[in-house]
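**Q** For the protein sequence lines, the chains are A and B, in the order given.
For what it's worth, our numbering labels the leading residue of the first sequence as 1, then goes sequentially.
For what it's worth, our numbering labels the leading residue of the second sequence as 1, then goes sequentially.
Possibly wrong hints are sitting among the right ones.
One copy or two, either will do: identical chains are not told apart, so a pair holds if it fits within one copy or between any two.
Cut-off 30 Å, straight-line C-alpha distance, at most; resulting in silico cross-link-like pairs (DSBU-like, lysine-lysine) [unchecked claim]: (1) K491 / K394; (2) K484 / K406; (3) K116 / K308; (4) K116 / K326; (5) K273 / K484; (6) K332 / K141; (7) K406 / K491; (8) K141 / K491.
Just so you know, the hints here were simulated from the structure itself, not pulled from any lab data.
There are 2 protein chains.
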Amino acid sequence: MSVKENNEVEQWGIFEVAIEGSAAGNPFLDNTFTATFSQQHRAIEVAGFYDGEGIYRVRFMPDTTGRWSYRTDSNLAELSGQEGTFEVKPAGRGNHGPVRVANTYHFAYADGTSYKQIGTTCYAWAHQGDALEEQTLATLKTAPFNKMRMCVFPKHYAFNENEPEYYPFPLLAKGSSKWTGNWDTVKGIEGWRFDFDHFDPAFFRHLEQRVGDLLALGIEADLILFHPYDRWGFSTMSAEQDDRYLRYIVARLSAYRNVWWSMANEYDLMPQKSLADWDRFFRVVLESDPYQHLRSIHNCRGFYDHSKPWVTHQSIQHSDLALTTKWREDYKKPVVVDECCYEGDIWQFWGNITPQEMVLRFWEGTARGGYVGHGDTFYDPNDVIWWAKGGVLKGVSAPRLAFLRKVLEDGPVEGLEPQTGIVRGMRPIVVGKAHDYYMVYFGNHQPAVMQLNLPSDEKYRAEVLDTWEMTVTRLDEDYSGAVKIAIPVVKPYQALVLRRLA
Amino acid sequence: MSVKENNEVEQWGIFEVAIEGSAAGNPFLDNTFTATFSQQHRAIEVAGFYDGEGIYRVRFMPDTTGRWSYRTDSNLAELSGQEGTFEVKPAGRGNHGPVRVANTYHFAYADGTSYKQIGTTCYAWAHQGDALEEQTLATLKTAPFNKMRMCVFPKHYAFNENEPEYYPFPLLAKGSSKWTGNWDTVKGIEGWRFDFDHFDPAFFRHLEQRVGDLLALGIEADLILFHPYDRWGFSTMSAEQDDRYLRYIVARLSAYRNVWWSMANEYDLMPQKSLADWDRFFRVVLESDPYQHLRSIHNCRGFYDHSKPWVTHQSIQHSDLALTTKWREDYKKPVVVDECCYEGDIWQFWGNITPQEMVLRFWEGTARGGYVGHGDTFYDPNDVIWWAKGGVLKGVSAPRLAFLRKVLEDGPVEGLEPQTGIVRGMRPIVVGKAHDYYMVYFGNHQPAVMQLNLPSDEKYRAEVLDTWEMTVTRLDEDYSGAVKIAIPVVKPYQALVLRRLA
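Modelling step: build the complete structure from the supplied sequences, incorporating the hints.
**A** Structure representation (C-alpha cells):
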C-alpha cells in the first residue's frame, strides 16, 4: 500500500490507494483500474495507473472536507471491489486549492484567494539530476515566481545537449520485433529506440517529486505535455500512443493541486501534429482530469484558436505587450504572455533583452489587464541556463518582479481591469478597479505632470511607484475630481497608483 | 527693383526680378504676372506675385550654369514684356541644390551629394518674434538637424496661446460688407476677421527671411501648408482662397532650394477638408512649383494614400518604428517618421518619452531603412517649448543624433537597405549595402555574441557602436564567412558595423 494512503488527508491534498495486482502481459495496456470516490450525493470516477512492480495506484484530490468513501473497479479481480473510507480535514496553511479562472480575465485559488501570476520558465529543470534540481528549488525559495513552465519530456535544443537521468519510456531491446525501422546510434548508445507501449514509472515518480517540491513552495507547475525539441522520438509517437501518454500523466498527476496542463510549447513548430490532433489532446485531458485543471497551449507565431471551449486561458508568445488589450477582447479569457523574450545575453534575440525591458514588459502586460512570464538566458560556461535547466538566476529582474507581485497583492483582489476616462490624454495605460483603485503605468514615458479626472465625490491617496528602483512614494496631497498631479522625479519606469480613501 | 536682382547668381540660388506696377483694385486677385526664363532650348514659365506697395516680383532658381534670359508677361502693360539676361555661376560652398528622392527610399541633393535626414520640429518657431527666433537659429547652428518641420500659419494649441507678430492676411475693417457673419472678439481685439482675399506681404517676407536663415545653416525647411490648430480661421477658408494661398506661397518660396512642401500636419484632424481637397492641394502645388520640391502630407492616425503619384515621400506619425519595413514595402517611397513621440516631460504621452527611447526610435527607423524626426517637449515656465516655439533644447538626445548623423555620413552614400542572411537568428535588424557595409542594431537587446554569415571571400572590419555613449570600438579581428563575434560589453543601445576591407 502507498505511503500516502492513510485515513486522513487535507482538502485539496492527495489521497492515494495502492493495490498489488498481476504484472503479467503489458499491464499499461491490458489492465484497467479505476476508483469511484463518493461523498453524500457525489460520486467521482477517477482513473488509476500502473506504477510498475505489480503496483496499481489511484489518486484523488478531495475538494470538500468530511468523510469520503471509495470503491475500486478493474478487469483484474484482485484490483476490483476494494472499498474504504477516509476523512478530509480543512486545508492547511498555504493550501488554497487549485488555481481557477476568476472574473473572466484573472485567476483565483479554489478557496477564493486571488492568484497574481508571476511566472518563470525552466523547461527542462526536472531532467538535470538531483544536485542541479535542488539548486533550482533553493533559488525558487527566495524568488518571486508562483508559476513554473516546465516540460514533461526532456528537451533537445541549443544549450541542451545532455541526456536526462530518466526517460518516460523504456528502451526497446535491440532487435525487438516491435521496431522494424533503422536502429540509430545516439550519443554513443546503439539501437536507441523507445518502447512507447510501456511507461517507465521511475521517470514519472521523479516528475511527481519535482511537482510536489514546487507545490511545497507555493508554485504552480505549468506542465508542457508536448514540444518540438526532440531527438528521442517523443514528438512523433502514434495518435494512440499520444493519447495513452496523456491519460497516463493525467491519472498520475491530476491530484496535485498545483498542476496546469499546457498541451504544447510552440505547437505550431510541430508539423507532425495537425490542428485536429491538438483539439483531440485537449479533449483527452479534459475528459480524463476529474478536477478540470487549467488548460492552454503555447504558440511560436500563430495562435491556436483560444476561443475553443476547452481552452481556459491564453498562453502567449509575443514581444509586443500592447496587444494584451486586443487578446483580452478577442478571446475573453485570461492573457498570460508566457514568453515575451527573456532577460539575458545569448545570441538569440529572444534571449537577450535587458532587465529593464523584461520588467517593462511585465508592467505593460499587467497594466493592460494581463499576466507575464519571465526567463533568464545568460551564457554559462557549462550551458546551465535558467530558462532550460534552472540553477541560479544571473539577471537582475527578479527582485523587481517581486516588487510587482507585492503591488498586485496589495491591489484589488478581483484583478486589474482597463480603465478609461481617468487620465487625460490618448496613450496612458490605466488599469484598476473603478471607484476604488487606479494604476497608471508610464513605461518609457516620463511625464512631470499627470492630469486626472477622478470621480469628484471620492478622495484618493496617490503613490508614485518606481518600478525599477522598487520604491513607493506617497504624495503629500490626496486627490478628488479633475486634478493635476506633479510627479516628483522625471524618469522612466514609474507608475502612479490612486487608492480610494473615502 | 529688388535687392536680389543683379546680373549674377549662383546655381540653385535665387534670381529675382522686381517691377513697379499699378496697385489699383485688388492686385492679388486682379493682376497676373509671370516670367519665362530661357536658356538654349529650355523655357520655364514661372509665376510672380504681388508684394505690396506697388511692387511685383518673380523669382527663379536656375539649375544650370551659364547665361539665362527672361521676359515678363502680365495683364498690366507696365509689367509686361520686360526682358533681361543674367549669368549663373557654379554653386558655392555648401550649396548642393534642392533635395530629391534618390534610390527609391533615400534622398540626395541635386548635385548628387547624399542627404541623411535628421529632422526636428519647431512648428511655430517663425511666429515668436526676433529675439526667440534668433535664439532658435543659434541653437540650430550647433545642433545635428538638417531638416526643420515648421508651419506657415501660426499655431493655436496647448502651450501655444500667444499671438504671432505677423498674420498672413490683413484684418477686415469692422463692418466691411465682405463679412456677413458674426464679428468675434478674440484676445481682446474686437471684430477679429481676416480678409482672405488679400495677403499681408510683411508676413511672407518674414517667413522668407526665416527660410533663408535655415538655408544658410544647411537646413531644409519642411513647410506645413495647412494644420488644424487654428483660432483665426486659416483652416476654414474657401476652396478658392485655399488654392490662391497655395499658389501665392509657391510663387514666393519655391525658388528657395531648401523648401519641402508638407500639405498638412495631421490632415486627418481637419474634417473641414475632404480627401478630394488634399488631392487638389497636391495638384495645385505640383502644377505651380517649377522645381518640383519634395511633397508629402503628415497624418495623425490614418495615412493618406502615399502611393498617389504626387507624393514624393512618406511623412509619418507613428510610435512603432518596426513598421518602417512595412511602409517601405507598401509604398516604395522614402519613409520619414517625422513624429514618433518627443523627448520631454509634458503630460501628453506623445511628448514625454525618455532620451534613450528617442534615440532608440531614431536608430530603429534608420536600421530598417527609414528616417526619423526629433522633438523636445519639456515644461517651461514661459511655455517656450522647442517642439513649437524653438529656443533652446532641454533634452539630451541631440548629441546622440549628431553621432547617428555622422555614422550615416560615414556609411554608404546610396543609403541603408535592409539586409537578410547576414545575421543568424530571427529578429536582428540588419541594414547596409550588400558586399560592402552591414549594420546590426541591437536596440533593447544585449547579445554577448553575434553569429554572422559574411560572404566567405570578403574580409570585413568590425566596430561596436554604443549609440548612447557615442563611442566606436574597433574589434581586434577582421572577419570573413561564418563567424562568432564577441561583443565586449553586455548592454543595450549598441550596434555592430561591418565594413568591407577586401
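**Q** For each hint, tell me whether it holds in the structure or not.
**A** Hint check:
1. K491 / K394: Both: 26 Å inside a copy, 14 Å across copies.
2. K484 / K406: Within one copy, since 27 Å is at most 30 Å while 41 Å is not.
3. K116 / K308: within (24 Å within a copy, 51 Å between copies)
4. K116 / K326: This pair counts as within: shortest intra-copy Cα distance 20 Å, inter-copy 37 Å.
5. K273 / K484: Neither. Shortest intra-copy (56 Å) and inter-copy (35 Å) distances fail the 30 Å Cα cut-off.
6. K332 / K141: neither (33 Å within a copy, 55 Å between copies)
7. K406 / K491: both (22 Å within a copy, 28 Å between copies)
8. K141 / K491: between (32 Å within a copy, 29 Å between copies)
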